[in-house]
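Dock chain one against chain two, each of which comes alone in its own frame, and use the hints as you go.
Sequence order for the protein chains is W and D. Just so you know, we're using the numbering used here here: the first sequence kicks off at 846 and counts up by one. Just so you know, we're using the numbering used here here: the second sequence kicks off at -18 and counts up by one.
Each hint can be trusted.
Straight-line Cα separation of at most 27 Å, BS3-like style, residue types lysine-lysine; simulated pairs:
(1) K124(D) <-> K1558(W)
(2) K1194(W) <-> K227(D)
(3) K1198(W) <-> K227(D)
(4) K1258(W) <-> K1278(W)
(5) K180(D) <-> K1198(W)
(6) K1255(W) <-> K1311(W)
(7) K1201(W) <-> K246(D)
(8) K1531(W) <-> K1423(W)
(9) K241(D) <-> K1205(W)
(10) K180(D) <-> K1201(W)
(11) K14(D) <-> K1009(W)
(12) K1278(W) <-> K1223(W)
So the derived list for chain W, only partly shown, Cβ under 10 Å to chain D, looks like this:
(13) S1117
(14) A1209
(15) N1210
To spell it out: a stretch of chain W is covered by chain D in this simulated footprint if at least three of its residues, at any positions, have a beta carbon under 8 Å from a beta carbon of chain D; those stretches are:
(16) 998 to 1007
(17) 1118 to 1125
(18) 1145 to 1152
(19) 1192 to 1205
FYI, nobody ran anything at the bench for these hints, they're computed from the structure. Here a beta-carbon is modelled for each residue, glycine too, at the ideal position from N, C-alpha and C.
The chain contents come next:
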Amino acid sequence: MSSVIKIFSFFLIIAIVCIPNQISKGCGPIIYEFKGFSFFDTDLVRTGSPFTDFFLRFDDFYHSYEIADSVRNQSNIQEWNTIFCDAFYEKEIQDIVYGNIENIKAIQRASEKKKTKLGLRLNRNSFARHLVDYKCTETIDYLLFAKNCEPHVTRNVNAWDGPKRDPVAMKALIYEGERVFLKLKSNNIKLRYAYQLIRLAHYAGDYNMALDLHDRLLPRIDPVESILHDWILAHKAGALSRSGQRVEAAYLFSLVFDRSPSKREAAFQSFSIRNEKEWQACMLLCQSNHERATLHAMRASEDHSKPVNDMRAIYTLDPQNDNLELLLAKEIKKLEKDFLGTEFNRHRKDNAKFHKIPRKQATANLIDLTQFVIKAGKEKKVRRPELWRLAEGYLLYLSNDLYAADQVFKDIKKILPNEKLQEQLAVFRLVLKITNYQEIDEAKEQEIVQIIKKNDLYEKYPEFEKFVNDKLAYEYLQAGHAGKAYRMHHTLEAIKPNPQANIIDDLIEIALDPEKSKFDKILTTNKDGTEITDDLLDIKGVMLWNKGEAAAALETFKQIPVAQRGENRFNPFIERAKICVHCIQPDSLLIYNRPGILEHIFELEFQANSDYSNSAKYFYQLGLAYFNLSYFGPSWNAMDFFRSGNNWRSAKSDTFEHWYFPFGNKENHDLSKAKSYFEKVLEVSKDRERSARATFWLARCDWLNYVTSSGYKRPSGYNQLPNLPPEYRIYYQQLASDYAETDFYEWVIRECNYFQVYAR
Amino acid sequence: MRLSIYLFFIVCFFSCEKNSESTTPEIAFYHWKNEINLTAAESRYLQDLEVQKLYLHFFDVDWDVDRQEPVPVSEINISSSNLPSTIVPTIFITNRTFLKIKKNNILSFVDNLFLKIETIQKKFPETHISEIQIDCDWSQKSKENYFYFLDILKNKLKIENKILSVTIRLHQLKYPEKTGIPPSDRGALMCYNVGDLQKWETNNSILDDKITSTYLKNNMQYPLPLDIALPVFRWGVLFRDGEMIKLINQLSPSELADQKFYTKKNTNRYIVQQSTYLHGHYLYPDDHIRLESVSPRTLEIVSQQLKYALPSNNQTLIFYHLDSLTVAKYPVTEIKKIQRIFGDVN
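So that you can see chain D by itself, here it is in the shape it has in the complex (with noise of 0.2 Å):
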């Protein structure tokens, strides 16, 4: 009897521990660079974060003027061997893609992408792989070639066990009626270039909450269980003649403080002064730069705004993009604090 009522007890108490573990979300981050080769603190940051699934960025999709025809383009290069147990093969695919192709011919276009996946993927012969996602920012001149594409795939995906995803923008959210449901399993709210990043005047146009809170309003209802992606990127946007001509990954605020090639126009904007060069780029004098970059707080915010408007369990919360830079800008504990900002939430 005395066994069978701590039974009891042990039994209540991971029924209880499963149900509390169940609403967090898991945390995932995007790999988006073109050689995957994790630095030992970037291991070592997956670990701690307890990360079990990558979404690795295997390759882009551009239309070929002269072939006319979609090609793969910056394919990933593979050093690394300790991976996270899960990868999602992650596919960019430009939006003109859609819009040239003709609808004959996306069957083939279709079994391409699959064969090259696979290719790829044997190259990680360690990992876990269920889940696909397609990233495109289709429009709605693309709409109908891009929707029978993830169909087809959808399908073929099917076959294997596998389910697709795709990468779903706050105003694709907010009006689905115009912008279509994509025929997938899954999507990824992608909250981040929320902002017009081709105007000078544009604070920050990769997270702004006053902006993500035009498009999220509580118990959003949206056809597909819709995981979240969360900036946490910087980058400097550079402006030359008024016209927003580069960015400039990574840039931050030190490597602007030389006072003999740039003024500080305010907390953010820079002029340079003299001709230089900044990663690679040559700057001349007058050309602007506006930094870019996402604080711990505007992401709390954001995070708070997003559990509102989709509560949901089983989420993934994915972070773009991992690197060296994020690893120090961006601690565990702030990382953690955010997943927490959702798991609060059932």
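Excised from the complex, chain W in its bound form (with noise of 0.2 Å):
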């Protein structure tokens, strides 16, 4: 039993972890996000690549200026690091390279007095000491350069300031840096006062002194690798491509982004081609191959790009390029999104409404790729054909050719070198398998329950569990079983609001049956163990009795075993003064529960067939019932499970959505039975105060039904009454003119402010 608890509390929870994602759909702005499967890990391709986390962003990675601030600092911070041979703690360098300008001037203090001394913070820091002992005088120099080329060539941390940068002075710090860097011994540091310098000259506008500082300086530089080169290529290029130079400029933007993590980001935003003629003259511009290909991958990076043309190219250019296999997943990626488990997501409808998927040319696409990845697979030129060969099977699969997948997954089952790629495999065959299953028997059901207690990779990978429910209640519901497809995603306290016929009756039908499956018995049992056939019946009563099916209703009723047919906690033969849907009512008057009230109005409408000289009186207590029990009354929770406050004004109709509930909550505004009823008390009552009393019943009924319709218009002020529309104010007249004499009339001019404005 515990496992079928468990396996029951599996099923609830995935119920409830989907539930929530729904929330907007009731309150705040819809932002539907598509909703599918994935099952291809992307770390299969992330192998240490720069390019990985660029390429793998995909839709929902947001690139910000912050993270490119951040790569760029620690990648300077690791460069500093380095020239002093890792000997200090990076955040040491840190505080020193990014800090306050303050401590650096400290520094140059200290380090040009013998008797000055650093503070206590800064004599703590290793790095800060070790330029003031070994007087590192062009380092410090350049620091304090550096600090003041910053307010120039950073961004505002208040965005709202424009860019602090004085042309005048920039062109001053370019004198004085140039000035210093023709007397520098490092060339680490010749090559900073470069970089300065050609951003200084770069960002005041002054392009051709940009460039012109490229030239003259670089040559004076004693080889040293940097990082700097290539952010000095990136400034070159910005300034070539303000000059007019735009396919000089893209090419070196290629470089920039081919070699520089900290700037691809940004040098793939700067890369603008124009033409077709600048394109070629860009790839003329390329030195190798590797080069040429990066060009390709960088036209196939492009947001709605039609990669494969360029995957073909940079294959024939450099087939072990980085960026294949990186392509290569995030095709796959979307590829997913149009084919893997389409038929039964159960968001397929959503997903082609908000985002238009499956695209349009998905097949095409599909084909187009596959057919180039067995290529890429059968010639082994690729760094890791084996990677293209499960491609291949995945993508046979998302073609739906489930037999050659299945072919390919069998034939490299032995040629995966490492674990990483076999579970892969795996994860791709359990997909298979699960989509392969169809008509699904005892015994299948016996196979998935296996798959769900036993597959470790099931429970690895969350996506199975969204991917077995889907499946299976697409399967159910293909087999005539609404009901076992309803449960595979939601509780049974969700079809409360609104009960649907076929999926009750279904579940009715498994919970009676005494040979029902394993399967089945987790499915029509409750948390605590116990069985829902009670509940079921309930809803099924309740819901034939909003049919207008009463002895239907209370035949259903009557299968629940007495004492499980609820507590008595209703009257809705009670009459009260005002409407009032949440007044407390004494328990000694609450005596009926569900069967008991239809008992009890068969009874009445029995006596209101059979005892005519009081059959007023039964009449106008039916009335009353069918009041109560409606969304107005205080028993609506009689003939309903849930009720909203809210959902009564300008009512297109009874059903109104919810986030927890997928067929909506169905409120029971019909008072079309209370009022017939009412009317009949008119057609036979002798007693003056009943017919006025039921007058009155009758007015309030349309009153509701007013506002309660679609041509509701709401008054414009507060405090004011709804402008009640002549055919609904008969009553209201009727009970001026016909039923003045009354004591029931007197109370209610008493009573009533209202009711003058609509007797009019």
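So this is what it looks like as structure tokens:
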């Protein structure tokens, strides 16, 4: 039993986990996100390539300035540390390089004068101490110079402040820097000055000067390994671009994109090819096939690209290129959205509506990519042919060629060299197995239960839960088991506000079947191990009652054992002067449960039709009961399970959307039955007081019918009565014209201020 | 006596003249590029049309996800000095800004925006600024924040004797009780972007007199005095796999004439045959392009609709937007013709 509970809990958890995603449907803006599955693990292509983060950002990766800044700063700190033989903690370097200018000034003072000592905090920083002890004048002066450049070349902390660039001051800094540059000994520091000067000239808008500085200063620096070469190249590319040398600029940006993780995003954004001629010219500037392949990789990375042709070009130029695997992963992720479980994904309609997924040309894209992947896997020129074979099998699976996919998966089992690829293969094979389940019978259900209970991958990859639930729901629906399909995603509670006959009937049939399968037992068992049969009968009874099938409803309620038919907590037969939904009634008066109410209604109907002298009294009680059982009465919860106080004004239908209830919340606004009984009172009653009361109830019903109609117009001011159209005022007027002499009329005049308005 | 008769006629003449002038709307233009550097042809165009007022796009405001605050983007660069005598700083604010911002941060947002405008307007010492325009396509959910923002900004501008104007979309004109009336001094009715851009089937999303006619009735009453903004621009709408993915500004039919790359499906629809670059965008076979522009005839029809829908004095007729292609495609005579249509009504 414990495993039954475990599996049932699993489905419940899924239902609960899935449901909050829809919260926005009921309140707040509806931002519908794509909902589907993905089993391709992008870690497979995270092989340390510096491009990984760039290529695998997909749709949801927000590449902010802050991230780019942090990558750049980190690379710079690491390089400072390398220059000093990794002698310091990076944090110590960071505090000086990206810290306050006063720190550097203090270091400068301490290094110049023997007597001046560093403050306590700086003295604890071994990088600062090193600069002082070894009198690293060039480094200290450079750091100060860089700090002076900073305001002109970095973004303001306050986004609303414009750039604090002062071209005159920037030029002055360039002249000063160039003067210092000529006297420097360290090539590392020379390179840093060159970077600062070229950047200043670029941002000052003097592009010719930037290019001139680049050409004059760099030849004077002996080769040193540094990230700054690419940073300088990026500024050169920027200056070229602003000077109209677009092709040269694009080429340099592609080099930066290829080499510099910290400038990759910016280089990609700045890379621009306007026409075919520029593309060809840019290709001609490339020095190697790797550089040419990079241009194709950049083009393939554009939003909405169709990259297969560019992938083919990369493959031809540089088949071992890192970018190929990354582009492959990116394309597979897109195709998963189009094809993975699309047939049974329960969100498929919303995905199509809000995201146009599957894409129109998705099949052509899939075929195109599959053909290329087969070729690459077969020719084995790529870096990891086995990954391409694995992708081939998965793409065949996505093409719905399940047999061919299975064959590929069998073929490659022995050639996959590592656990990661083996695990991915196992995941794909499990996906294939689940997809293959059709016409689910008891044996297959047992297999699925075993997967859920014992397959490690099932636990490791949360996608499987959604995948299995959607698949089973779909198959059950195909087999006519709407109830089982429903239970794959929802709790029984969620159907109560608007019960669906096909679901409830299916579940009752299963619940009452003495030979039901174990899986069916799970679906018809409560968390505490009790069966849901009584609950189902209760829901069905309420559903039939709402449909006007009172006798069938009573029969259904009577199928529930007497002890389980619910407490006596209703009494719709009590008349209250004011309409009051939530007024507490004394327990002593609450003497009916659901079947009890129906039995009393039948009794009253019998008496009304047999005891003619008192029929008006019985009809009145019946009218009252049906009013009290409606949305507007205190016994609403006898004929409904859920009521929202908001759901009554301007109702276009009686069913209201709700984030938790898949079929919405149906409110029992129907007052026709109550009205018909009150009208019968008017026909048969000889008691003027009773007739007056019945007329007033009819007027109330009409008022409520109007304010819950789609034609209701809200009054413009607060505390204003709705302007009741004439056809809804008939009974108010009738009460005033026909029953003015009654005591009840006097009471109405006294108690109901609004009456005078409508009775006019 | 003779002198006084002369004087009487002179006064009559000028007063009549003045009356007829007041019914003819003033012509103005939006300038929506990042850099203002008017060409000689553009300056001459403005002079010929006697344009005194330029609605200058100063910057946009968008919600910054990292900072969790509104930030200015695409700030204008100023290289031109020969501007009309009056400029109206115009700021586009994304709707999501008002969806995201918390009400208690709106005051500081207004302060920031106000300071930013002041800083930029200092770069135009020769020009007169008496109005600020805010462009935002607000929604039901952003309305409260947006209107609160406008309220504060309007009061702040009042102290400096400036007025606040806002852009009004056609649906906001037609359903003011649903969309609300923004608390500003004036509105500029945007008579463009009327169709469903995202649908391939749409014929012309920029301007379609059949669509505008469904929004405009004779003598419409809107609680704000309204200027009229009309489109004089063109673009190509690029669709890939059935999805609208890009707008290619100022695309002309001649650029799609090469049959090696494009097949013309009908008057304004093209299919890409072979991969190629277009305005810096790489196109793939089977990409679809819909060319959209505004014909003088459509402009005239919509102007007729507008003059009966919103008869008004002291209206400004703002054309979106000023650039060299507009100058070439919409000659002075055509713009004046539109101006006269509005003038005729009163």
